[in-house]
Amino acid sequence: MKIPQISIFVSNRPGRLHAVCKSLADADINLLSLTLADSGEFGLIRIIVSNPEKAVEVLSESGIVATVTDVIACEVSALKGGLAKLLSTPAGSLQIDYMYAYPTCNQKEIAIMILRFRDPDEAISLLEKAGVQLLSRKELLV
Amino acid sequence: MKSSCWNDQNGLFLPEMSLDFMPVERLKQVQLQRLQATVSLAYEKVPLFRSRMDEKKVKPSDIKSLKDIALIPFTMKKDLRDTYPYGLFAAEMKQVVRLHASSGTTGKPIVVGYTREDMEVWSQVVKRGLLATGYTKDDIVQNFYGYGLFTGGLGVHGGLEALGAAVIPVSGGNTERQIMIMKDFEVTAIAGTPSYFVRIIDVAERMGIDLRTLKIKRGLFGAEPWSDGMRDYIEERSGIKAYDIYGLSEIIGPGVGCECECQNGIHIFEDHFYPEIIDPETLEPLPDGQEGELVISTLSKQAMPILRYRTRDITAIENTPCSCGRTIRRIKRIGRRSDDMFIIRGVNVFPSQIETALLRAEKALPHYQIVLDRKNHLDTVEVKVEVSRDMMSDSMSDMDALNKRFSHSIEQILGISVLVTLCEPGSLPRSEGKAKRVIDNRTQGGSL
Chain X
1 MKIPQISIFV SNRPGRLHAV CKSLADADIN LLSLTLADSG EFGLIRIIVS
51 NPEKAVEVLS ESGIVATVTD VIACEVSALK GGLAKLLSTP AGSLQIDYMY
101 AYPTCNQKEI AIMILRFRDP DEAISLLEKA GVQLLSRKEL LV
Chain E
1001 MKSSCWNDQN GLFLPEMSLD FMPVERLKQV QLQRLQATVS LAYEKVPLFR
1051 SRMDEKKVKP SDIKSLKDIA LIPFTMKKDL RDTYPYGLFA AEMKQVVRLH
1101 ASSGTTGKPI VVGYTREDME VWSQVVKRGL LATGYTKDDI VQNFYGYGLF
1151 TGGLGVHGGL EALGAAVIPV SGGNTERQIM IMKDFEVTAI AGTPSYFVRI
1201 IDVAERMGID LRTLKIKRGL FGAEPWSDGM RDYIEERSGI KAYDIYGLSE
1251 IIGPGVGCEC ECQNGIHIFE DHFYPEIIDP ETLEPLPDGQ EGELVISTLS
1301 KQAMPILRYR TRDITAIENT PCSCGRTIRR IKRIGRRSDD MFIIRGVNVF
1351 PSQIETALLR AEKALPHYQI VLDRKNHLDT VEVKVEVSRD MMSDSMSDMD
1401 ALNKRFSHSI EQILGISVLV TLCEPGSLPR SEGKAKRVID NRTQGGSL
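Top line first, the protein sequences correspond to chains X and E.
First residue of the first sequence: 1, per the working numbering; consecutive thereafter.
First residue of the second sequence: 1001, per the working numbering; consecutive thereafter.
If you're looking for bench data, these hints aren't it; they were derived computationally from the structure.
There could be a bad hint or two in this list.
Footprint (simulated), chain X over chain E, 3 or more residues, beta carbon under 8 Å [stated by the list, open to error]:
no.: 1; stretch: 1387-1397
no.: 2; stretch: 1420-1430
Which chain X residues stay away from chain E? Per the calculated CB distances, all over 12 Å, these [said to hold, decoys possible]:
no.: 3; residue: N30
no.: 4; residue: A66
no.: 5; residue: S77
no.: 6; residue: P103
no.: 7; residue: I124
no.: 8; residue: E128
no.: 9; residue: L140
C-beta: ideal position from N, C-alpha, C; glycine also.
Construct the complete structure from the given sequences, taking the supplied hints into account.
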């Protein structure tokens, strides 16, 4: 149920985001989601891609620093209170480093949230116990 | 296993190596005789040396003992620049067979020349360094010092050829190809700048190649100061023995001195280069064991004899016996250069202190650069640090914590606050494989 997410360290300079995207595009890798956290001097680009193993290889070859971390994809209700409900489960009191919404085009009632827990294994067991629907890597790709 | 002149690893007598083991009294006789010849040559052929000595009313015949060297005026880097290009040459150009020059990043380059005899001496001293650190003619050596005007590449190359090793003159740059060659050519030993080898280690790890599994046994590193921490880092990460070779173009290039397998100081090839330590403030000679600025006089150079050259390197002469048995004296490894030092808010700072702080914080040796600036009449220090894959995290708070660990560690050592900026690998400039550690943007009138 763990989804490999790639995090990329980039200096906050014009053209760096392009360099990252271009090396992935040249290798035929599709970006499924992208978020950017920035701290002034540098940024962390977090992406979920069609082929994470190849992506890391390609980035590495271009001298770009990247790491792979496990995140969890949860289905939540897209209606009011959906996220609040997820976080009211016991897993909501674990340490969450960050979260973001995963783009879904054809779903009106279901949203997908990507969560990065400090301890993903514990989170998975708590979420499953609470009946939260977790998506596998395959399901995300569809 | 230590090699000695009487029973080296091939069981053969090597005359050039025996020079390292000369009885001290004999060595002093050789030094005095050569010093007298060098002073006479410099006085007769080089107007600058003659006028400086005349000013102090010193004649070559006044040099009656080695101590009398203190009568001779110092030579500075500025003298080499002011006499650009050939003003300090004692030989005629028809005798000169090689010219090298500094990169000249701070104005005109300095030019140095060699006669055929000088070239012979140069390759012999490098060879003695190679023998002292366990290189043999069976080695396949990858030389990634820069080839060209810089003395590093061709200087070490000459010694390797004299030794009879198989030299790969790959020069610097193209790190992935360097690693491919190391592996495919079954390289057994290397030579180059330590900062570039740290880069090679990082790239190899990224490529999934463990240098410890290759055949490389040893490396000779020089051309820039490198700390003991950096040595530990190199030895641990690459599984080789890392030795320090010392030299400077003004004197001959690499091969002024070299460590032996004991790794406890740099033996100076004293029969060709006479070392002294002076107090950089009072310019008075200091006794062995005391730390100060290294001053070197050439004892056999023909094309360009140099008298009492102020190297700006801070070290001390160690005259205690080395367990290798060499009688030539050692200097402590150079940790700092007096002209690398910068003064920030009244505190003297050496780049090596920053290096120590980074190593302490992260047990890793990232490439770094120090940028000095002045904002609202206040000096600022920014330390730019390249982030490697090992240091990186996907969490912003971890990255902030990394930044704080670096700045805290630096502040503990220097006692002043600094701004640490994390940046991408490869984004900080490097010249000729030599790391440029300090950029001073302060617009101060005049310099030292």
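Taking the hints in turn, this is what the structure says about them:
Residues of the stretch 1387-1397 of chain E with a Cβ under 8 Å from some Cβ of chain X number 9, which satisfies the need for three, so the listed coverage holds. Residue count for the stretch 1420-1430 of chain E with a Cβ under 8 Å from a Cβ of chain X: 7. That meets the three needed, and the coverage hint holds. The Cβ of N30/X lies farther than 12 Å from every Cβ of chain E, with a closest approach of about 20 Å, so its non-interface assignment holds. Distance check on A66/X: its Cβ comes as close as 7 Å (rounded) to a Cβ of chain E, failing to clear the 12 Å threshold; non-interface status is violated.
Interface exclusion of S77/X from chain E stands, the closest Cβ pair being 27 Å apart, more than 12 Å. Look at P103/X: its CB is around 19 Å from the nearest CB on chain E, clear of 12 Å, so calling it non-interface holds up. With 12 Å as the threshold on Cβ separation, the claim that I124/X sits away from chain E holds: the shortest Cβ distance comes to roughly 18 Å. Residue-level check passed: E128/X sits 24 Å from the nearest beta carbon of chain E, beyond 12 Å.
Once the 12 Å rule is applied to beta carbons, L140/X is consistent with being away from chain E; the minimum gap is 18 Å.
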